[in-house]
Each structure stands twice: as structure tokens, then as C-alpha cells.
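Student: Below are the chains, spelled out letter by letter.
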Amino acid sequence: GEDVEQSLFLSVREGDSSVINCTYTDSSSTYLYWYKQEPGAGLQLLTYIFSNMDMKQDQRLTVLLNKKDKHLSLRIADTQTGDSAIYFCAEGASGTYKYIFGTGTRLKVLA
Amino acid sequence: DVKVTQSSRYLVKRTGEKVFLECVQDMDHENMFWYRQDPGLGLRLIYFSYDVKMKEKGDIPEGYSVSREKKERFSLILESASTNQTSMYLCASRSRWGNQETQYFGPGTRLLVL
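Sequence order for the protein chains is G and E.
Those letters in the first sequence? Residues 186 to 296, by the numbering used here.
Those letters in the second sequence? Residues 38 to 151, by the numbering used here.
Any given hint could turn out to be false.
Restricting the straight-line Cα-Cα distance to at most 25 Å, the calculated cross-link-like pairs of lysine-lysine (BS3-like) are [what the hints assert, rightly or not]:
1) G:Lys283 - E:Lys108
2) E:Lys90 - E:Lys55
3) G:Lys241 - G:Lys252
4) E:Lys40 - E:Lys90
5) G:Lys241 - G:Lys283
6) G:Lys293 - G:Lys283
7) G:Lys241 - G:Lys221
8) G:Lys221 - E:Lys40
9) E:Lys94 - E:Lys55
10) E:Lys94 - E:Lys107
11) E:Lys92 - G:Lys293
12) G:Lys283 - E:Lys50
13) G:Lys255 - G:Lys221
14) E:Lys55 - G:Lys241
15) G:Lys283 - E:Lys40
16) E:Lys107 - E:Lys90
17) E:Lys55 - E:Lys107
18) G:Lys241 - G:Lys255
19) E:Lys90 - E:Lys108
20) E:Lys94 - G:Lys283
21) G:Lys253 - G:Lys293
Simulated coverage check for chain E against chain G, where a stretch passes if three residues somewhere in it have a Cβ under 8 Å from a Cβ of chain G [as the list claims (entries may be wrong)]:
22) 47-61
23) 65-77
24) 111-120
For the record, the hints were derived by calculation from the structure and aren't laboratory data.
Remember, it's a predicted structure, so these values are computed and weren't measured experimentally.
Glycine included, C-beta positions come from ideal geometry on N, C-alpha and C.
Sequences are here, hints too, so could you generate the full structure?
Tutor: What follows is the structure, encoded as C-alpha cells:
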């Protein structure tokens, strides 16, 4: 069945890099997404990658996609305290409105 | 910089009440979504609207209905609230054009049904 899995927690020191991992199961997914949710707020779409790409970089964010292993990762360089939040990955197929979300990874950045 | 707003941040209702959750977007997006978010379950789609007066059921539509009479407004209705509908409700809008996609979420409505 369709499922997206993430680890629950990640703790890093300010200035270090953070790597948040995600695995998905639907090989027909066209888009893979990363969202950030700060306390008491809705989700913010950070970035997305097409399934025919291996990597996408956007400022401090780097997304890596291993389609063979169905593994997606988000690397945050020079992590700041403002990056503390819950991060969700999601998959979606072209032409549909359905997204399958992971349960989120809570990132805590230690000063 | 308002993009997606939701009518209430917090709501407390009693079992059996009819509840309206309103969502408004100012980006002229055609697609709008209602999700509920529960701990350990991620986001689950309740309903999707791809245009005015158009809707599709999501994964958990039971106990909910929606209305989209104008492009900017998407309403979620709980016909008879029950305690298992206590949750965080998130509205979102989307534009997808070729390979470009934008999505915005509202701040959420935390609903408590007593």
C-alpha cells in the first residue's frame, strides 16, 4: 500500500547540517515535497522535486532523491534556531490532487 | 502578505452542533483543499475542490461536506459535530501550471468538540 515514513525526531547543534530522511512506496509518484510547520501554524511548502531528478538545491536546502530505493532526503546547511519545526515529506502524482504525507520529523536546533 | 486565511484559530463546539469552517485565498487559485491533522497520522485529505462548485471526496469525507460558491472561498461543514472530529483543520490552495507548482496553507483551525 501507499505509505510515507519519516523518523520522529532529530536534534542538531546550531551551525551544523541537518539531514531529514523519508521513504515512500508509490513508484508512480511524480512529485516529492518537503514542508515546514512551525508551532501553531499551517504548513509551508519549502521545495519539491520531480521524480526524474536526483537533486535540487535551493539556497540552504538540498533535496536528494534515490528513486531506486524510494528514499528522499532534505539537507539544511548551517542550521539555525529558526529552523526548529516539524518537517513533512509528501508524494503526489501528476494529474491528481492527492498527496500522501509522512507523519513528520520534529527538528530541534540546539544553540 | 495574506494568502490563505481561516475564519477561526480556535473553536469549541458541542456534540451535535453544525459547524462551519471558512477558508479564503487571495491568489486566484483554482484548487483548494481541506485536511485534518492529527498527531501521528500526518495530514489526511477530507475534500478537494478543483474549481467553483466542483468537489471531490478525499480519504476521510464521512461526516463532512463542503461548499465552493466563489473561487476564493472554500467552506467545510460538519453537519453534526462529534467528539472524534476534534482535530486541527488545515485549508490549502494550489496552482499547478506545467512544472510549476505553488501551494499555500492557512494557519489552521483547532476544533474541540465536547
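Student: For every hint, state whether the structure bears it out.
Tutor: Each hint tested on the structure:
no.	hint	in the structure
1	G:Lys283 - E:Lys108	20 Å, holds
2	E:Lys90 - E:Lys55	21 Å, holds
3	G:Lys241 - G:Lys252	14 Å, holds
4	E:Lys40 - E:Lys90	21 Å, holds
5	G:Lys241 - G:Lys283	23 Å, holds
6	G:Lys293 - G:Lys283	29 Å, violated
7	G:Lys241 - G:Lys221	17 Å, holds
8	G:Lys221 - E:Lys40	17 Å, holds
9	E:Lys94 - E:Lys55	20 Å, holds
10	E:Lys94 - E:Lys107	19 Å, holds
11	E:Lys92 - G:Lys293	38 Å, violated
12	G:Lys283 - E:Lys50	29 Å, violated
13	G:Lys255 - G:Lys221	21 Å, holds
14	E:Lys55 - G:Lys241	45 Å, violated
15	G:Lys283 - E:Lys40	21 Å, holds
16	E:Lys107 - E:Lys90	8 Å, holds
17	E:Lys55 - E:Lys107	21 Å, holds
18	G:Lys241 - G:Lys255	16 Å, holds
19	E:Lys90 - E:Lys108	9 Å, holds
20	E:Lys94 - G:Lys283	10 Å, holds
21	G:Lys253 - G:Lys293	30 Å, violated
22	47-61	violated (count 0)
23	65-77	holds (count 3)
24	111-120	violated (count 0)
Hints 6, 11, 12, 14, 21, 22 and 24, counting from the list given before, are not met by this structure.
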